[in-house]
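Sequence lines, in order, name chains H and Z. The numbers in the first sequence follow the UniProt record's numbering, run straight up by one, and end at 839. The numbers in the second sequence follow the UniProt record's numbering, run straight up by one, and end at 481.
Calculated directly from the structure, the hints in this document are not laboratory data. There's no promise every hint is true.
[As the list claims (entries may be wrong)] Here are the simulated distance ranges between beta carbons:
| no. | chain 1 | residue 1 | chain 2 | residue 2 | range |
| --- | --- | --- | --- | --- | --- |
| 1 | Z | ALA326 | H | ASN79 | 33 to 39 Å |
| 2 | H | ALA28 | Z | PRO439 | 18 to 24 Å |
| 3 | H | PRO80 | Z | ALA326 | 40 to 46 Å |
[Stated by the list, open to error] In silico DMTMM-like cross-links for lysine to aspartate or glutamate, where the CA-CA straight-line distance does not exceed 20 Å:
| no. | chain 1 | residue 1 | chain 2 | residue 2 |
| --- | --- | --- | --- | --- |
| 4 | Z | LYS267 | H | GLU109 |
| 5 | H | LYS91 | Z | GLU399 |
| 6 | H | LYS91 | H | GLU109 |
| 7 | Z | LYS316 | H | GLU73 |
| 8 | H | LYS127 | H | GLU211 |
| 9 | H | LYS133 | H | ASP153 |
Idealized CB from N, CA, C, for every residue including glycine.
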Amino acid sequence: MEEDGGSKDDGSGGGQSGGAHASAASSAWTPLISAFRSYEVSRIYSTSSFKSRNIGATVRRPFVARLTKEIAETFQICNPDFKFSEILNPKRFLTNPSAGVLNDGFDNEDNDLILYVNYILINAGSKQRYIVKDLLGQGTFGQVAKCWVPETDNYVAVKIIKNQPAYYQQALAEVSILSMLNKKFNTDELRHIVRILDYFVYQHHLCISFELLGANLYELIKMNQFRGFPLNIVRRFSMQILHALVVIKDAGIIHCDLKPENILVASSAGSDIKVIDFGSACLEGRTVYSYIQFFKQVGGIYRLEDEVYKDVIRVYCALTAEEYEAKECKKPVIGKRYFNYVNLEDVKLEDVIEKYPYRKNLAEEEVTKETLERLKLVDFLRGLVEFDPAKRWSPLQASRHPFITGEALTCPYNPPPETQQIRAIQSITVDHHNPGGGHWLAAGLSPQVQNVNRCFGQNSPQFQMVSLTHGGSYGSMGSHGSYIDNFGIGSSYGSYGDANSNMQTYFSPVGPYGMNVQAQVGVPVIGTSPDTRRRPQRCHGSLFGVPPTGNLGPMSVGASPSQFTPPCSQIQITTVSPGKYGSSPARGSLHGSPLGKATAVAQFNRRRASGNPGSSTMQFHESAPQHWQGYHEGTGSSQPDTYSHVQFSSRGSYPSSTHSYWRQQMSAGRGSGQPMNSHIAHPIHSTVISPPSHSTAASGDKHESSSLLPDPADWDPNYRTDGQFQTYPLDESIPHLANDLHTGFNRLPNVAQNSPSRFSLQSQQSINRYNNYVQSTAMHGLRTHQKIQPSRSNYNMVDSHSATNNMFNNSMQWGQRAGHPIITLQPSSHARKDYGSIS
Amino acid sequence: MVNQAVDLTIDGHDRSFRVWVDAQALAPPFHWPVVGRHHGRQSRPARGIEPARAVAGRGQSGNRRRQSSPNVGVMSDPELEGVTEDTMNLGISEIGSEDAKGFCCSMISEVGCLVGCCVAVLELEEEAEIDSSASSAKKQMENLAAHDSTLNPKPKNHHTYTFDSPHPIYAMAFSTTSPSPCLALGSFIEELNNRVDIVSFDEETFTFRSDPKLFFEHQYPPTKLMFHPKPLPGQTQSLLASSGEFLRLWRVKESAVELCSVLNNSKSAEFSSPLTSFDWNQAEPRRIGTSSIDTTCTVWDIERGVVETQLIAHDKEVYDIAWGGAAVFASVSADGSVRIFDLRDKEHSAIVYESPRPDTPLLRLAWNKMDVRYMATILMDSNQVVVLDIRSPAVPVAELQRHRASVNAVAWAPQSARHLCSAGDDGQAFIWEMPTTVPPEGVDPVLAYQAGAEINQMQWSAAHRDWIGIAFSNKVQLLRV
């Protein structure tokens, strides 16, 4: 080009110097060499000489920049009175409708935060700002916004939950589940699960920040005109989904909403996918109300299934059906809207796959190869959609299928027993199939409840137990009362909307660590007296059937009580003693901080509070140990597991502990003579690994203790819910062997060390107070207390004051915004007072 | 070898310069930094004076560009005042044939006229051998120099005309009506006493005429000036629009300028949102679209004096706007995107480009009037001109990056779909011809012009298509193309 220009110039340069007008526009117009010369790379085109003038002075931008980028500054220089305010800029609303109706005008009529471009979300804690740039999606839960993080110049996806307790709770569960995953698994294990980055409350909306991903699989399929993907892509995606499912299952989580729309392509790597949206997820064994959604799809089929298996089925069917769905969508094949087939019933899986037109121009061998691959795929899918849950493959088993591994398929795939595989993956994880999972719902909602209850005794039995056996004692128990209080409040909340799962609260993101630790600590310390055992048990039961201990507390605190509504109401009726109710300061904690940071504290307060009204507090605590015993009876070898779990949980991995629980429950169930469970449970138990170090005297002791105390309540499955807390063992050991205590504590400290920095703030003061409190309140087990005290510091009690305040504030705001009557409650202050008085 | 120094005295000027050459770079064969010596062409006698900017400095700050090129510098006499380095261009011509080692120096003023010249023959070590040829070369060069000076009589060369303004110029517009080029020039003064002057150029006498009555006050520096694109035939007065804190319309008469209307869409008396630019719709001249740092574009119906529509065009400040049709406009913004809007469907916009680094502001936008598939934009602090094809969003057709400093202005040729002009802080104006396929090594401009300072503004006259106007420092130049 340069050459051309040069030659033209040569030809015309001289002649044009006369300055004749160039002819008007024509297609062949070329500029003349006149003022302009032909361009030469080598010519001395000055670069620095102009700038050199500015040496010593700040280099000023060219006029064009000073009248665009810097125009406001320029005009200000021209006229000091000039004012420009970005705030007055017209807003481009992203939320529709954009009229501020609720929440002081921050929310629209749908309780969605009204977003516009450049809206700034702020994490009040970390001061991190998220600048809204676009809306990625909208749903019943709220909105997802693409946000820019100025500090890192990164984009993230922020889920902004509706300002309603129900959604809030549900989202809280998502946070807890994801943070738990983050704690429990490493980056590699989580590479196919969306990464949670942050969460906070802004304008009473829970906001969760995730890594920003690309298109979802449904969009991809749609872009492909529903013709599906090549087999190798299907395999690749299947592998990744299975990888995610294995992890999810290990964690004891049921995703509950796995579908193409919730599988996203990671924006960075082309064919890497990630599972998102744990907003409907629940823990195995803890059913969420949103679970109903799932039943609509799959549940009906299994309605007639044996009750005993119901949980298992549900779990499996969640997993497999999800896999099924997810996979199908990728194929050119079946499926409702994912494929071109109109009538699903007329179509057989094999047909769809095998008869799918081959690509053109395929060589003979390739066709054969493709055919083989398709056979593999059919076999693979068959295993996933197996109707009989006992035969259906687990994700892990499925991931060994030749279709995934690429091995030759010689005969129909017959997966090895899962337990082995599981161990291979995670030695610590105990059970993969939670036989005990998901009872809540069934118990609470379905008409078949009775059967269910029996099977999963945890909830329903507890209720029964409580009302029948222990009913009288309830009133006397302060701790009990406090719990109830919470629930009562919860129920009032319940009017808001749907009830979410207990789990969620249970897992409240921040709370968990603190919660576990605290709960554990508290329980062992306080409870030594055998008398109280039964009462505590009831308490648990009354609590919702959810594990009553620390975990629950956080739940109730952090989450809106509405979740608990159904169970609560029951509880209230049966167990509540009204007087304690009103008086108990613990209420404040209920309202507590949505994020659950304060939750741990709240619990703490609660307990203290409970202690306050009466002597019963101790009792409450004691109950825990008892449960433990019972729990141990059943499991025997499980203790070591528990410990290991404890450590995990300290890091925030709830599920592991839960798992151990479940198993134990199962075993208990066996003991209690529920044969149904037992057969399932049995294999699971065998899988349990007992680290040698753990299986020390303590376990033995516990066994003894359990045997010594054959109270049926102890081994009652219900108790297990309590069993989540690792502290139990300690309690047990306390009465029997001082050594046990020590060992237990030693372990606990470890936990504390592992526990996140949050707890490191724990104030000695609080601990001391706590101790004092314990001493003052405790009529029993002084010995225990003293022993415990030194170790407590390790526990890292959260600073009660600050935490309480936070909780309080949060709760108050919440209430106010929402216009809840709860506002009037002054829980935190009460709690503190009580606290002070105690100490 | 020693550096050769040649004293250069320029006739008629009270200036003297010392030109020196780093003779070490002259070991044969050497290349003169002159057009015509490259690409293996035969050397030719110097025919004219190539305006080339010397490496100037008060000292021997030679800047070696190529190993085989001699280092040439010019040093002004430190005793002399009024000589600034950036107002001189040093022209260097090679002399004669391979064996004639010498050069001709000439001073060319920033207006393009020859100020003076002299010839020097280098004394190389092989004096004896080339002595005779050197002396003959010297003679030849003297002739040449004499010839050059006669070739460039006082009113300079015929292609570049300079208007000196008392203040720096930014906004500039060519009149669409006047028979000869006529310019509206907006000052850039960081005070509230800016003004716009109407200056006409007489193509007969090659002189600028500025009527002292043809001006108006404009508090803030105008961000853009533009004449009515389709004046009624035979009408002597024309409409001129200016943007600043508001959009204003002025009637330019033969001997006066009157304010027609002030179009203010601000909702607040206290706060205002300055307009960064505007564009007059050629197909629908009652429409003017403005861009503002309040993230909006506003379309005015100037006949009725009302806002036709206001769009939140971008997520950040909007810096320029350009019409592509009666109802279609595009805008660029601090958010780094080029968006196209259609007034018939205001709900949607199409992003046709996003700057590679997020949020690198795009400052200016030029829509090719001859072929509306193409537009060109410039990035802040970038030496690139990005040429876009709206049919293939996101991927630019070409990134023109031969400027050595940030580009400040870009314009498409009014008479050709393939040509555009750009100007920048390196003081250069380039004319580019878009190739059918862009070579991997990038596109070179076909023509280049070197101005004496950073070029702040450049406009290509639609009415007189062979004139390009540039503004640098206090000067405005008309360049013939």
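Exercise. Quickly compare the C-alpha distance for LYS133 (chain H) and ASP153 (chain H) to 20 Å and report which way the hint goes.
Key: Roughly 13 Å between the alpha carbons, so the hint for LYS133 (chain H) and ASP153 (chain H) holds.
Quiz item: Given the hint that LYS267 (chain Z) pairs with GLU109 (chain H), does the C-alpha gap stay at or below 20 Å?
Solution: Not OK: LYS267 (chain Z) and GLU109 (chain H) at ~28 Å, beyond 20 Å, violated.
Quiz item: Taking the beta carbons of PRO80 (chain H) and ALA326 (chain Z), is their distance inside 40 to 46 Å?
Solution: holds (42 Å)
Quiz item: Does the hinted range 33 to 39 Å hold for ALA326 (chain Z) and ASN79 (chain H) at CB?
Solution: 37 Å Cβ-Cβ, so the 33 to 39 Å window holds.
Practice problem: Verify the proposed pairing of LYS91 (chain H) with GLU109 (chain H), using a straight-line Cα cut of 20 Å. | Solution: holds (19 Å)
Quiz item: Holds or violated: LYS91 (chain H) with GLU399 (chain Z), Cα cutoff 20 Å?
Solution: violated (34 Å)
Self-check item: Pairwise beta carbon distance, ALA28 (chain H) to PRO439 (chain Z), judged against the given window 18 to 24 Å
Solution: holds (22 Å)
Exercise. With a cut-off of 20 Å on the C-alpha distance, tell me whether LYS316 (chain Z) and GLU73 (chain H) pass.
Key: Since the Cα atoms of LYS316 (chain Z) and GLU73 (chain H) sit roughly 16 Å apart, the hinted pair holds (cutoff 20 Å).
Quiz prompt | Hint consistency between LYS127 (chain H) and GLU211 (chain H) [alpha-carbon to alpha-carbon, up to 20 Å] | solution = holds (19 Å)
The structure fails to meet hints 4, 5 from the earlier list, while all remaining hints are met.
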